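Undergrad: Put chain B on the given structure of chain A with help from the hints.
So the chains spell out like this:
Protein chains: 2
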Amino acid sequence: MALTRVVIIGGGFGGLTAARALRHADVILIDRTNHHVFQPLLYQVATAALSPSDIAWPLRTVFRAQPNVRVVMDDVVAIDRTTRAVLLKDSAPISFDTLVVSPGSRHAYFGHDDWEPFAPGLKTMRDAVRLRERMLLAFEQAEQRRAETGAQDRLTFVIVGGGPTGVEIAGALAEIGRRAMGPDYPHLCLDDLSIILVEAGPRILPGFDPTLSTRAVTALLHKGVTVRLNSPVEAIHAESVMIGGEWIPSTNVIWAAGNKASPLLDTIQAPQDSNGRVKVRADLTIPDDPWIFVIGDAAHYQGGDGKPLPGIAPVAMQQGRYVAHLINHNVSSDQRPPFRYTDRGMVATIGRAQAVAQLGSIHATGLLAWVLWCVVHIFFLIGFRNRFRVMSEWVWYYLTFKPGARVLY
Amino acid sequence: MALTRVVIIGGGFGGLTAARALRHADVILIDRTNHHVFQPLLYQVATAALSPSDIAWPLRTVFRAQPNVRVVMDDVVAIDRTTRAVLLKDSAPISFDTLVVSPGSRHAYFGHDDWEPFAPGLKTMRDAVRLRERMLLAFEQAEQRRAETGAQDRLTFVIVGGGPTGVEIAGALAEIGRRAMGPDYPHLCLDDLSIILVEAGPRILPGFDPTLSTRAVTALLHKGVTVRLNSPVEAIHAESVMIGGEWIPSTNVIWAAGNKASPLLDTIQAPQDSNGRVKVRADLTIPDDPWIFVIGDAAHYQGGDGKPLPGIAPVAMQQGRYVAHLINHNVSSDQRPPFRYTDRGMVATIGRAQAVAQLGSIHATGLLAWVLWCVVHIFFLIGFRNRFRVMSEWVWYYLTFKPGARVLY
Chain A
4 MALTRVVIIG GGFGGLTAAR ALRHADVILI DRTNHHVFQP LLYQVATAAL SPSDIAWPLR
64 TVFRAQPNVR VVMDDVVAID RTTRAVLLKD SAPISFDTLV VSPGSRHAYF GHDDWEPFAP
124 GLKTMRDAVR LRERMLLAFE QAEQRRAETG AQDRLTFVIV GGGPTGVEIA GALAEIGRRA
184 MGPDYPHLCL DDLSIILVEA GPRILPGFDP TLSTRAVTAL LHKGVTVRLN SPVEAIHAES
244 VMIGGEWIPS TNVIWAAGNK ASPLLDTIQA PQDSNGRVKV RADLTIPDDP WIFVIGDAAH
304 YQGGDGKPLP GIAPVAMQQG RYVAHLINHN VSSDQRPPFR YTDRGMVATI GRAQAVAQLG
364 SIHATGLLAW VLWCVVHIFF LIGFRNRFRV MSEWVWYYLT FKPGARVLY
Chain B
4 MALTRVVIIG GGFGGLTAAR ALRHADVILI DRTNHHVFQP LLYQVATAAL SPSDIAWPLR
64 TVFRAQPNVR VVMDDVVAID RTTRAVLLKD SAPISFDTLV VSPGSRHAYF GHDDWEPFAP
124 GLKTMRDAVR LRERMLLAFE QAEQRRAETG AQDRLTFVIV GGGPTGVEIA GALAEIGRRA
184 MGPDYPHLCL DDLSIILVEA GPRILPGFDP TLSTRAVTAL LHKGVTVRLN SPVEAIHAES
244 VMIGGEWIPS TNVIWAAGNK ASPLLDTIQA PQDSNGRVKV RADLTIPDDP WIFVIGDAAH
304 YQGGDGKPLP GIAPVAMQQG RYVAHLINHN VSSDQRPPFR YTDRGMVATI GRAQAVAQLG
364 SIHATGLLAW VLWCVVHIFF LIGFRNRFRV MSEWVWYYLT FKPGARVLY
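Chains as they are written, first to last, in the numbering used here: chain A, 4 to 412; chain B, 4 to 412.
Hints are computed from structural coordinates only; laboratory data are not their basis.
From a predicted model like this one, the values you see are computed outputs, not experimental measurements.
Any given hint might turn out to be false.
Computed beta-carbon distance windows for the label pairs [stated by the list, open to error]:
#1 L193(A) - Q144(B): 44 to 54 Å
#2 P209(B) - T270(A): 37 to 47 Å
#3 P186(A) - G210(B): 38 to 48 Å
#4 E136(A) - P313(B): 26 to 36 Å
In silico EDC-like links for lysine to aspartate or glutamate, alpha-carbon gap of 16 Å or less [what the hints assert, rightly or not]:
#5 K282(A) - D292(A)
#6 K92(A) - D77(A)
#7 K92(A) - E151(B)
#8 K310(A) - D292(A)
#9 K310(B) - D276(B)
#10 K92(A) - D78(A)
#11 K92(B) - D100(A)
#12 K263(A) - E119(A)
#13 K310(B) - D269(B)
#14 K92(B) - D269(A)
#15 K263(B) - E242(B)
#16 K92(A) - D276(B)
Some chain A residues near chain B, calculated using beta-carbon distances under 8 Å [said to hold, decoys possible]:
#17 T36
#18 H38
#19 T64
#20 A141
#21 P186
#22 D187
#23 W399
#24 L402
#25 K405
#26 L411
#27 Y412
Glycine included, every Cβ here is placed at the ideal spot set by N, Cα and C.
One chain only, chain A, in its complex shape (with noise of 0.2 Å):
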């Protein structure tokens, strides 16, 4: 008998997880890049503090030693039910028995799709290199403007979305500005720099405590960033941002706000929530289909409390896992339990030695919160290499300020 083939679109968290447990059938997995990367740490390559090969891995080499599963580099165009196979850009189709789609998601700008070239999102590593070019051209072309005219042109960052990505973003660069880039451009001052977290609703990190995100507006405040509750963007131009009806000059507008599924879901032919994500049933699968998974951020989910699961990377590992579990014992669809989320908490940094952890219970703050961070994080990379390479990247900017990877090419 032919081993089942097993095709899993994605390379992030979800699919990765679930390749690596699929240990008897034949599996594919297709990404459009070569690399799994570590997104929790995807803001540290767009402020320059780490170097995109110190928190990404080439898929290949995280299955040297797994030889049922192959990798192939491109990008999926559709979904092909009728022929269970998957259409993809440059190669043939590849057919399959079971299939996994993890394609996670893209930002989105709540049909303002025209604000995007103005306010460029953080998903994968592309966009975070482009990031790390803008912020570090925005550096130098106000130290070039102050040191020639002596101009008033404030540095302005404004960060759309208060969720932990925009908290971190928000967090580094005020960092950043003040501690590794002040020695370096003599002609600006911290006056210069202006850094605004805006957030439409009433409070940033709304999945944390609410006592966890008045600290972290404290400790925001702290470090000089502006934070704007209540504040919903009207409006983005190449060179303001509209916000409560007043235009803020800045050229460097980063959208940290709205996700959308990846529009591949739409080939499905499954049941979509408004943010095109699938509705699963409880065993993460289609609604017509027992061997068509979707999981991770591109999955809908009940949790417990009703409201769908966070699309965030222990969920997606734990689907992964779940998915793996009942591909590799060829578990009947009626004897599937349930997929249950085990939450085994949060933690999300403001920057050096400040964070915020919620874990059950237990709430923490400030220095204790940020090594919390640093543990899991580091547990979670990848690779001896990489977990080395980022620890003493850290080490070296925890005593030094000066940040590792900062080159422009």
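TA: What follows is chain B alone, placed relative to chain A:
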């Protein structure tokens, strides 16, 4: 009295060394990038062994502790000797009392500029990152074609130019192909990979002693590189290259042959040689201005043997120090001792545990030369962080054969 204004064009080895040695003047260092790049290791970025930030250092950080040096990131478009100013692309002209011109060189195609898109060279970090992308995509595509059609397309790399850069690229590619890429691309076998080093002259490494050239050929052959001597390239198309009347199919041609000095030198109104280098006097100045210096591979300076000095880092660094000394002590034109180059030897690596070294009459090959190469290159890297990162990457690669920087973005 106002301080002398010294403008330095280019933050390569010559310009950087001069700026660091100028302690009394008001120095403006202009570079079109924001970093100094350690060019001797650029081929390791191109072959995915090192990350860009491992071998580059932001110029602003280099001069943090030297407040008399101001860094400007811009393109110099012309040198205006009438107004004694350099004209910039994006900002106002900068006037000078003393000018140090060290813009380096670009690759030259001997009148065949149409070859450039098919045979990119390796001078800047951007070049290196693009070459790396081409190489990694070539392996991906070959693997994909093999898996689909089993075609006999070979993965052929043609490196044009048998100088140190060409030899180092050929050696590194052979090693990555054989040791690191093999396990990652299960459909490719060693026979699919073909690396051809093409040299127009009668031997590779012409700057070295002939016995070392011969040994380098042996080492390259041993690694599986085909070496073709006396073989000028006759034509390069998108998918093939003509050598000795024969078309070799290859979509991966790398140019490591001719150099041409920066076109900026044409605006200086001084005699140039056929490669565009300015013919400088014994004090490295242009004939009619004792305070305009040209150094590095932009300068044509007659060595003791009547040949121009080679365009290598030690020459540029010694020239930078010499020029800084003349400026620091305001040495008048008739009091200047001629510049004298001290040749401390040369070393070129062929791969893991393989190199050739020549220090005066001492010749070395193999492991000893390779250890020497490692030590010399680590020593000359700027900054503890980079030394540490590069060394740890080399140890990692030596032990695991997993090159560290294969992330495509």
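Undergrad: Output the numbers, in ascending order, of every earlier hint that fails for this structure.
TA: Per hint list: 2, 8, 11, 13, 14, 15, 16, 20, 24 violated.
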